[in-house]
Amino acid sequence: MDLNIDEDDLNACVQCGLCLPHCPTFRVTGDETMSPRGRIKLMREVQDNDAPLTSEVLDAFSTCVQCRGCEPACPSGVPYGHMMESARETLADAGQMTPTWQRLAMKPLANPTLLNAGTRALSVAQKLKVVPERLGLSNEIPLTQSKLEATGSDVYLFTGCVMDTMQRSVHAAGLAVLTAAGFGVMPTGNAAPCCGALQSHAGLASETRTLAEKMMEGLEPNIPIIVDSAGCGAAMKDYGHLLGTAEAELFSERVFDMAEFLAMHMDRLPEPAAPLDLRVAVQDPCHLRHVQRVHEATRTMLAPYVRELVELDDEGLCCGAGGAYSIFEPELAGQIRDRKVASINRATPDVVASANPGCSMHLGAVGVPTKHPIELVHHAITGARGL
Amino acid sequence: MAGSKLSNLTKRRQRAESSGEPFVDALRAALSHNRVKWDGASRSLHSHDASVFDGGNSGPVVYPETTAEVQAVVRLANQHGRNVVPRGAGTGLAGGAIPLGVPVVVAVTKMNAILEVDEVNRVAWVEPGVINLDLTKQLKPLGYHFAPDPSSQQVCTIGGNVANNSGGPHCLAYGVTNAHVVAMEVVLPSGDTAMLGGLEAEPQGFDLRGAFVGSEGTLGIVTKVAVRLTKNRPAVRTLLMAFDDVRDAANTVSDVIAAGIVPAAMEVMDKQITAAVENYVGAGYPVDAAAVLLAEVDGLDSGVDIDADRIAKIGRSNKATDVRLAESEAQRQLLWKGRKTAFGAVAQIAPDYYLHDTVVPRSALADVLEQIYEIADRYDLLIMNVFHAGDGNLHPLIVFDGRQEGVLERVHAAGGEIITASLDAGGVLSGEHGIGVEKQKFMSRMFTNDDLDHQNRLRQAFDPHCRTNPGKVIPSGHSCADIQSLRSVPNTVWG
Numbered sequence: 011m012d013l014n015i016d017e018d019d020l021n022a023c024v025q026c027g028l029c030l031p032h033c034p035t036f037r038v039t040g041d042e043t044m045s046p047r048g049r050i051k052l053m054r055e056v057q058d059n060d061a062p063l064t065s066e067v068l069d070a071f072s073t074c075v076q077c078r079g080c081e082p083a084c085p086s087g088v089p090y091g092h093m094m095e096s097a098r099e100t101l102a103d104a105g106q107m108t109p110t111w112q113r114l115a116m117k118p119l120a121n122p123t124l125l126n127a128g129t130r131a132l133s134v135a136q137k138l139k140v141v142p143e144r145l146g147l148s149n150e151i152p153l154t155q156s157k158l159e160a161t162g163s164d165v166y167l168f169t170g171c172v173m174d175t176m177q178r179s180v181h182a183a184g185l186a187v188l189t190a191a192g193f194g195v196m197p198t199g200n201a202a203p204c205c206g207a208l209q210s211h212a213g214l215a216s217e218t219r220t221l222a223e224k225m226m227e228g229l230e231p232n233i234p235i236i237v238d239s240a241g242c243g244a245a246m247k248d249y250g251h252l253l254g255t256a257e258a259e260l261f262s263e264r265v266f267d268m269a270e271f272l273a274m275h276m277d278r279l280p281e282p283a284a285p286l287d288l289r290v291a292v293q294d295p296c297h298l299r300h301v302q303r304v305h306e307a308t309r310t311m312l313a314p315y316v317r318e319l320v321e322l323d324d325e326g327l328c329c330g331a332g333g334a335y336s337i338f339e340p341e342l343a344g345q346i347r348d349r350k351v352a353s354i355n356r357a358t359p360d361v362v363a364s365a366n367p368g369c370s371m372h373l374g375a376v377g378v379p380t381k382h383p384i385e386l387v388h389h390a391i392t393g394a395r396g397l
Numbered sequence: 004m005a006g007s008k009l010s011n012l013t014k015r016r017q018r019a020e021s022s023g024e025p026f027v028d029a030l031r032a033a034l035s036h037n038r039v040k041w042d043g044a045s046r047s048l049h050s051h052d053a054s055v056f057d058g059g060n061s062g063p064v065v066y067p068e069t070t071a072e073v074q075a076v077v078r079l080a081n082q083h084g085r086n087v088v089p090r091g092a093g094t095g096l097a098g099g100a101i102p103l104g105v106p107v108v109v110a111v112t113k114m115n116a117i118l119e120v121d122e123v124n125r126v127a128w129v130e131p132g133v134i135n136l137d138l139t140k141q142l143k144p145l146g147y148h149f150a151p152d153p154s155s156q157q158v159c160t161i162g163g164n165v166a167n168n169s170g171g172p173h174c175l176a177y178g179v180t181n182a183h184v185v186a187m188e189v190v191l192p193s194g195d196t197a198m199l200g201g202l203e204a205e206p207q208g209f210d211l212r213g214a215f216v217g218s219e220g221t222l223g224i225v226t227k228v229a230v231r232l233t234k235n236r237p238a239v240r241t242l243l244m245a246f247d248d249v250r251d252a253a254n255t256v257s258d259v260i261a262a263g264i265v266p267a268a269m270e271v272m273d274k275q276i277t278a279a280v281e282n283y284v285g286a287g288y289p290v291d292a293a294a295v296l297l298a299e300v301d302g303l304d305s306g307v308d309i310d311a312d313r314i315a316k317i318g319r320s321n322k323a324t325d326v327r328l329a330e331s332e333a334q335r336q337l338l339w340k341g342r343k344t345a346f347g348a349v350a351q352i353a354p355d356y357y358l359h360d361t362v363v364p365r366s367a368l369a370d371v372l373e374q375i376y377e378i379a380d381r382y383d384l385l386i387m388n389v390f391h392a393g394d395g396n397l398h399p400l401i402v403f404d405g406r407q408e409g410v411l412e413r414v415h416a417a418g419g420e421i422i423t424a425s426l427d428a429g430g431v432l433s434g435e436h437g438i439g440v441e442k443q444k445f446m447s448r449m450f451t452n453d454d455l456d457h458q459n460r461l462r463q464a465f466d467p468h469c470r471t472n473p474g475k476v477i478p479s480g481h482s483c484a485d486i487q488s489l490r491s492v493p494n495t496v497w498g
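Keeping their order, the protein sequence lines are chains A and B. Just so you know, we're using this note's numbering here: the first sequence kicks off at 11 and counts up by one. Just so you know, we're using this note's numbering here: the second sequence kicks off at 4 and counts up by one.
Some clues are possibly wrong.
Unchecked claim - Distance condition first, Cα-Cα at most 20 Å in a straight line; then the derived SDA-like pairs of lysine to any residue:
| id | chain 1 | residue 1 | chain 2 | residue 2 |
| --- | --- | --- | --- | --- |
| 1 | B | K140 | A | S353 |
| 2 | B | K143 | A | L322 |
| 3 | B | K140 | A | E325 |
| 4 | B | K140 | A | V320 |
| 5 | B | K113 | A | D348 |
| 6 | A | K224 | A | N200 |
| 7 | B | K143 | A | R356 |
| 8 | B | K113 | A | A352 |
| 9 | B | K143 | A | A357 |
| 10 | B | K140 | A | L322 |
| 11 | B | K143 | A | A352 |
| 12 | B | K140 | A | A352 |
| 13 | B | K113 | A | G254 |
| 14 | B | K340 | A | Q345 |
| 15 | B | K113 | A | G87 |
| 16 | B | K140 | A | R356 |
| 17 | B | K143 | A | N355 |
Claimed, not checked - With beta-carbon atoms standing in for the labels, derived distance ranges:
| id | chain 1 | residue 1 | chain 2 | residue 2 | range |
| --- | --- | --- | --- | --- | --- |
| 18 | A | D60 | B | L328 | 39 to 47 Å |
| 19 | A | S65 | B | G409 | 38 to 46 Å |
| 20 | B | D404 | A | P231 | 37 to 45 Å |
| 21 | A | P234 | B | K322 | 32 to 40 Å |
Claimed, not checked - Pulled a few chain A residues facing chain B out of the computed Cβ check, cut under 7 Å:
| id | residue |
| --- | --- |
| 22 | A22 |
| 23 | Q25 |
| 24 | P31 |
| 25 | T43 |
| 26 | E66 |
| 27 | R113 |
| 28 | A191 |
Since the hints were derived computationally from the structure, they do not count as laboratory data. For each residue, glycine too, the CB sits at the ideal point set by N, CA and C.
Please model the entire structure based on the sequences and the hints provided.
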């Protein structure tokens, strides 16, 4: 079966295996079918040798977190993420992957009214304690949210879908810090409802493209777009590849992660009222470290505002959140998280800084105290009490 | 809610009950359902390692977690008349983990605990699936490391290192795996366990530990290893030298050793491989030099500066065009990252490679290299050279596109000539990758019939029925298992 994977990309893998230890599913299973090398070999077998699509092959593909930790580890630069996206797109189109319930679950993401209603229902359900455990929600979902007010038009603050309903306080902190640095900020709100990252991971390519086009239409040209969710930022920086147009390339070039942008403007950031008296472990979201590769900026931005920064010892291995992965594959996601939590415990931090809502919710669900890095900066600047 | 917490994956696995294969069912009863894989995809992936050789035929793939489970697997294999092939990370380059004769593949990746760090005896007890670099990282806070550092260090397992007696850049000063394994528990082909070696300085009797290290899985499966802890040195200096001629780099290496200096490592890369590596790591390798020499000295602060200085002088007297010292630990790490990922980086040039592994006397390095380039020209192949220059361990890397008609024949023919040239110069077949299925046919070039018969008798003393990793190392004429019959098992595997 043709998986529509580029032949040159497939041939770029020499099966050396250097990716294996950087793959979270291989780390927890020790199983070659759950490794990048194994998955690429299976792609080859299916695409080039017409091997049958057995349930084991589909499992191998669907259990990939798409963290892309294998990409920086690959000396030949195999574009694994794009290969897996192509495979999933083909298999989802053929009805072999991404079952209807998963497709339906993602529908509201692109529709703010539906998403808000759904989130409120979830908030009420959570208070009534009828939320299924597999959703992994421990942090309290807010029932009502205060509106984000624009402070100017120098930069966009991308607010997105799930994050805006679950973690709007992070946006508020980002808006305040950008404004304090002298940037007028426009929250994107309904003009750009969703980046399409989760749809893309699930192989729902046409939905992803529609969302990307909608976002490009909805936003004014030439204004930098600041994103405080690593997964969204990675997806938006990939629009050039996704849509293959010069316009999309230009759009992607003005997308910045929050810390990436602020690290370039440290001179404009206010001094801290007092550096937070905290030992902060930086947890690099995969799509910040392995895909956007701008994770160092988080440290640059945080350093003046906290007492101590500490690195985790797992070289950026995934935490298992993976967008909706923790919901679709809770068992593996939990095992992967166990490794991450062990690494966090060895670092003995007061708080973990994570620049991605999926990671912070996934880690928060087992009691890891997480904050978005921009929240820490905001607290330090304003001297606000109580984290 | 409990049911809904199980992933689809688990449900599907549990749905399948009897496999229809008594051997597989027996293995599942002894281990667990999901640690015995019998599906086509798993078997297909475990039929290969990182080498260029055609895959074998994997039978069931098992993931034991304890010594007792390894014993159970081996005993069941004996009862069912099946062969056993141990597997670590599958990064071997000589085909040592390729399963021949539809054996049960014993993947030790789940036996990955560091059991004990014994500072008094300066050893750590580890399971075979522990990743080499993970061990070194765990030991770092204590000020120790595991010295053998193969290029695949970030992924290869200690079990695989034991099986192949692995080396690495820093083995020039510290010795290869054999010097760093003190004792080990092994599961013999009978299913019994044995402790080989010991923590005492002079263990009694024959050194069976020494025989086992490097036996490539043909004598049994290692299940616990006591590895030596090597103290981290307080100071290290890393020199990067550029040359206009590979010969000058090779001569520098010989001269350094002749001057009585024993660097921790001395590595050479030629122009083309340097370009590929630099493109990946961006470490500042000089891409216009014909060859670069990476030399590292470690020890006490004052000593390393003197040695680094002496090496730089020797380099300059051999026409080094540029001599640099790594400015920071970060840059040093980046230089080594480049060197250690060299093989993987070649896919930037072509999709396939065949990495050779011969050893020649240091004094013959320059001449053999020249012959290798001549062989490359003659066969119209691209051959790059990246090697552990300090101990004369050559790694000619033939880079090709296997989709081209007839290219594989040329690759193998050129490879044969490289081996011949190395042996003619007084060298040996393998520095560290092992013999596997790769160099069996050259064994008789190196050893007499008597030698080979005695090697086979040692093997049979451990494994009288030739059930453990059959068809490897010892050539068929001298071995109890005939490769051809192992190869001719019909392929009923998925795909």
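Hint check results:
{"no.": "1", "hint": "K140/B to S353/A", "result": "holds (13 Å)"}
{"no.": "2", "hint": "K143/B to L322/A", "result": "holds (15 Å)"}
{"no.": "3", "hint": "K140/B to E325/A", "result": "holds (11 Å)"}
{"no.": "4", "hint": "K140/B to V320/A", "result": "holds (17 Å)"}
{"no.": "5", "hint": "K113/B to D348/A", "result": "holds (16 Å)"}
{"no.": "6", "hint": "K224/A to N200/A", "result": "holds (11 Å)"}
{"no.": "7", "hint": "K143/B to R356/A", "result": "holds (14 Å)"}
{"no.": "8", "hint": "K113/B to A352/A", "result": "holds (18 Å)"}
{"no.": "9", "hint": "K143/B to A357/A", "result": "holds (15 Å)"}
{"no.": "10", "hint": "K140/B to L322/A", "result": "holds (13 Å)"}
{"no.": "11", "hint": "K143/B to A352/A", "result": "holds (18 Å)"}
{"no.": "12", "hint": "K140/B to A352/A", "result": "holds (15 Å)"}
{"no.": "13", "hint": "K113/B to G254/A", "result": "violated (43 Å)"}
{"no.": "14", "hint": "K340/B to Q345/A", "result": "violated (29 Å)"}
{"no.": "15", "hint": "K113/B to G87/A", "result": "violated (28 Å)"}
{"no.": "16", "hint": "K140/B to R356/A", "result": "holds (13 Å)"}
{"no.": "17", "hint": "K143/B to N355/A", "result": "holds (18 Å)"}
{"no.": "18", "hint": "D60/A to L328/B: 39 to 47 Å", "result": "violated (55 Å)"}
{"no.": "19", "hint": "S65/A to G409/B: 38 to 46 Å", "result": "holds (39 Å)"}
{"no.": "20", "hint": "D404/B to P231/A: 37 to 45 Å", "result": "holds (44 Å)"}
{"no.": "21", "hint": "P234/A to K322/B: 32 to 40 Å", "result": "violated (52 Å)"}
{"no.": "22", "hint": "A22", "result": "holds (5 Å)"}
{"no.": "23", "hint": "Q25", "result": "holds (6 Å)"}
{"no.": "24", "hint": "P31", "result": "holds (5 Å)"}
{"no.": "25", "hint": "T43", "result": "holds (5 Å)"}
{"no.": "26", "hint": "E66", "result": "holds (4 Å)"}
{"no.": "27", "hint": "R113", "result": "violated (15 Å)"}
{"no.": "28", "hint": "A191", "result": "violated (30 Å)"}
The structure fails hints 13, 14, 15, 18, 21, 27 and 28 (numbered hints given earlier, in ascending order).
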